[in-house]
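Visitor: The residues making up each chain are set out below.
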Amino acid sequence: MAAASGLAARSARWGRIVGRELVTVAITIFGLLLVTFLIARVMPIDPVLAVVGDRAPADVYEKARLDLGLDKPLWTQFAIYIGKVFTGDLGTSVLTAQKVTDDIKTVFPATLELATLGTLIGAVFGVPFGIFAATHQGRWPDQLARFVGLLGYSIPVFWLGLMGLLLFYAKLGWVAGPGRLSVAYQDFVDPITGIVMLDAAIQGEWDAVRDAFSHLILPASVLGILSIAYISRMTRSFLINELQQQYVIAARVKGVPEWRVVWGHALRNAVVPLVTVIALSYMHLLEGSVLTETIFAWPGLGRYITNSLLNADMNAVLGGTLVVGAVFIAVNLFSDIIGRLADPRAR
Amino acid sequence: MSDTSVSDRSSWRDWLMSTSPASRRQARLGQFYRQWLSFRGNPSAMIGLVIVVALLLVAAAAPLVASQDPLAQNLPQRLQPPSWAHLFGTDALGRDIFSRVVYGTRVTLVIVLLVVITVGPIGLLIGCAAGYLGGWVDTVLMRITDVFLAFPRLVLALAFVAALGPGLENAVIAIAFTAWPPYARVARAETLVIRNADYISAIELQGASQGRIVWKHVVPMCMPSLIVRTTLDMAGIILTAAGLGFLGLGAQPPIPEWGAMISAGREQIFDQWWVATFPGLAICVVALGFNLLGDGLRDVMDAR
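Those sequence lines, one after another, are chains A and B.
Numbered per the working numbering, the first sequence spans residues 1 to 347.
Numbered per the working numbering, the second sequence spans residues 1 to 304.
Don't read these hints as lab results, they were simulated from the structure.
Note that the coordinates shown come from a computational prediction; the quantities given were computed from them, not determined experimentally.
All residues carry an ideal CB built from backbone N, CA and C; glycine is no exception.
Hints are not guaranteed to be accurate.
To give an idea of the chain A side of the interface with chain B (calculated C-beta under 7 Å), a few residues [to be verified]:
#, residue
1, 27
2, 31
3, 150
4, 153
5, 156
6, 159
7, 170
8, 309
9, 317
10, 324
11, 326
In isolation and in its complexed conformation, chain B is listed as follows (with noise of 0.2 Å):
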């Protein structure tokens, strides 16, 4: 690095890469700061970060970035190609496809986080309670586990919407039924890792509770890994979450979610190409994002 002159932005790297740390905050900026650095070098993994990020202002600020109205329709101006006043061109309904490419990524966003903060946790739970507690308690939960794992995801996800019936709602109740298995695998192979440590068997000999431990000493150390492979499956959940639109058993109409909108050029696809073409790329983008995010991140986190 260039820091010729001593600045405060030296004595604030000094401070953070000190090998010698005089408080637990500085050991932990520091630890993330060193981690930063590393990730910081990685080019595929900055792009991911920056897609992401560009993910997430866009949906802030998704009415500000929208030329239009999603829902607004527009019978004259129906199957009009790209052009300046309809960048990504319209659709059957004379609705502006950028706009509705724009506000999917509320839609996108709300399910993948619906389905993470549902499915983390009872991962997390159960995980690590099979890694810890052990016994018949593990073998019971990872047979359910098993048995989750042996089904085709989107094929068991289609037959919970089929239940359940089509929408937005039972569509991510039938994602997050079918995703908690790897998260459950990740927490437990962790929590056998640690359960055997040194400092664990230093904490059990102070007397202190099962919930205790598991909670305050084995879920944090946990959580790296986890975040890997949450960021490595929000791919995997926009995908499923836009097969499901397409097949018309997602987001009802007129939500602007990417898959449906996929859906519904099927019909204009060798006359009008943009209608499908736009949302498509739109989910490729981001599900780029995530799994470039995830990758890089594995790396830095993940060191084993």
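Chain A with its partners taken away, still in its complex shape (with noise of 0.2 Å):
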């Protein structure tokens, strides 16, 4: 049907929506290391005196000053922290001692492991929540989804977390405690993609998985109820906007029966934003993430941001920042095109 020209009208669209994507992206990304890079000159501490100490001699000071460049006008020094992100140098931790790129590598897997159990935690009890609070629209199901959306809304995660560590770790004992893994199965795991789990089912070590899961579930159940409220409540307006749609009211006229009404066709033509709003709602729990392994003593990214805060370590806390940030860029992009890409009449 469409012609070579009906062609290359679509690929020059498709063209000017990529580029579009991309100058935003690229705007985005710039935006996001000039408020790291001003983060970092406004701090009051002098970062000349964190490496030479406060007893250091005039001239040890002046030439420690050149060597962080610091001497050069501020776009100068802009563009060489530009220039080192992108070489993937984010300097060095003071706490740990190591690269910031490498401490990220370390830890990074433990948050994905409980943002991805948690998500999906969300995604499972929210969609069908959400589904049942929109075919019962007005009414107590409605009302009490409604409320306990709100209340998701209301908690704050790391009380939350503490809440189930003394209900179900020290008073019922299901689940168990603090860390990714208890110490007598530590040595059994090695790492090979850093996600616990995983590596010990290669491995081979059955009763260390299910010691990993003890220590994963709670945590990531914390996580999931903060996106069952988001979840939910994001596909309850998007059933209810596809439910008083005309293709319904003729499918219901032809006697289609209700459940197929509701997920074969309502539900189907809500799957495009539904699947937006799950990559939304796990780029939060990323955020979540920050409070709940403090709770947890989860060895994450979150952690790591924490922790070189409360020692002043500025080059860690920026790095995990500026990684968090990519992340979310990256998500949002990853779910626009999703959506782009499912969507008939944008295709």
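Dock chain one against chain two, each of which comes alone in its own frame, and use the hints as you go.
Guide: Now the structure itself:
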């Protein structure tokens, strides 16, 4: 049907979309770098003193200042900073005496593991909950879903974590306590992927897998509750929007059973925005993990940032901030592209 | 309604509900009354209103509500479980947790109000300017907004506090710095709708200046959605402030800030559960109150 000219027009349109998307990403990354750079510059702590100590003689101080490039104009310093970031150099952490990039490589899988299971819990419970609310719009299941959703927005995640530990670890003993793995298993599992459960499974240590799961399930559930609130609310509003469309009326008039109208017709049209929402909630869980990891002594990116923060280790803090920001941008881009690809009107 | 006799009350009601108001004041009050009626019919919104009003009252009358001085240490009485003398028990320094929670309402309100009065006008100004002026002003302002939206809010606030140093004022600055983008977005979206309305064209033809149009005709129309947005945002601000306090970056001891109180109770969580539990419950109730209120206000004021 589509002639060659139609194809050309379509690919030109796609080219424009991708081009605009790339420009947006480039500008956002530039802004991200500018913000972290400026934060580092407004810091009242003198970066030179952090290197040489406060008893250094004037010539040593001056030499360190030149080495750090602090005598150059601000824009040159910014250019040098960008160059370093793009070659994967985020500086050295004062706390661990290692390169920040190496530190982040070791801690990131732990956060990924936590946020992934959290999102999974959120989606598995949140989507059906939202559907239930939408199909009972205005009646008590809807009111309940609304209340639970708002409650999810109102609970401080670190407090929920503490209460979870108190109840399920200390009082009931259903789950393991803080940390990723009990000490007894620590020597059995070598890091391959950095995701403990996966590593243990690869090495056939099934007891260690169970132990790792027992450590993971509580913090992941705490995070999951946050995303259940968000995902169920969004599912409800998408589905209600679809259920008001004419094709739903047509299907009902035709005599299609209600469950097929909801699950087969309406939900299929709500899948695209839902994928975007789940991607966004994944992003927010990366953020929520900052406080959750502190509670559960989970050796991930969040605890790395907060630990460095309390020790005034600015390279590590800004490196971590930059990585989280970059992940945000990547997830946003990803969900945009998925949305465009999956929507036939945009294809 | 059961207004049987012709009383003062029913005539007031007729005046308010009149479909042909005789004055601007009558129209405005009538509109307000109708919104109140529909708000009153929403039980969860009313619960939210009650919680928020209670919060304001407790904060105003904190010395009357609290049974003891929130800062008074009493070491022989440390870590006492909840009792009639100490409703929520005592903490590791023997301070009465109930009194500290009560005084904590003041800290929370101060943080929330300071953030909102800085963020609201900034967001409104940026959003209305971007939406009304359009062109490159719009592009530049929205790009800046996007950069800030791309940051996770708590992590950015953490980085700011790290740079500025811990403390209540710096926590407020950091939260305000990360909280304005959604307000600018809302104000811009509203402005884009209003800008093309006929009455704006009519005012433009009468020769009103751009500043006057934005200030007198665009800003008031943005207010309802901005108020809704602010109310819903209060809970987020409270949670972020509590998170900073919990990490030791917000209010410093001995200020009775709820997040910092939870942090202090963390060490004793398995033995003296009450130290961390009650401040957390207070955060939940207050945040839920603002969320319920905002949700109800959205239904009433923001028909779109």
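Visitor: Hint by hint, where does the structure go against what was stated? Just the numbers, ascending.
Guide: 11
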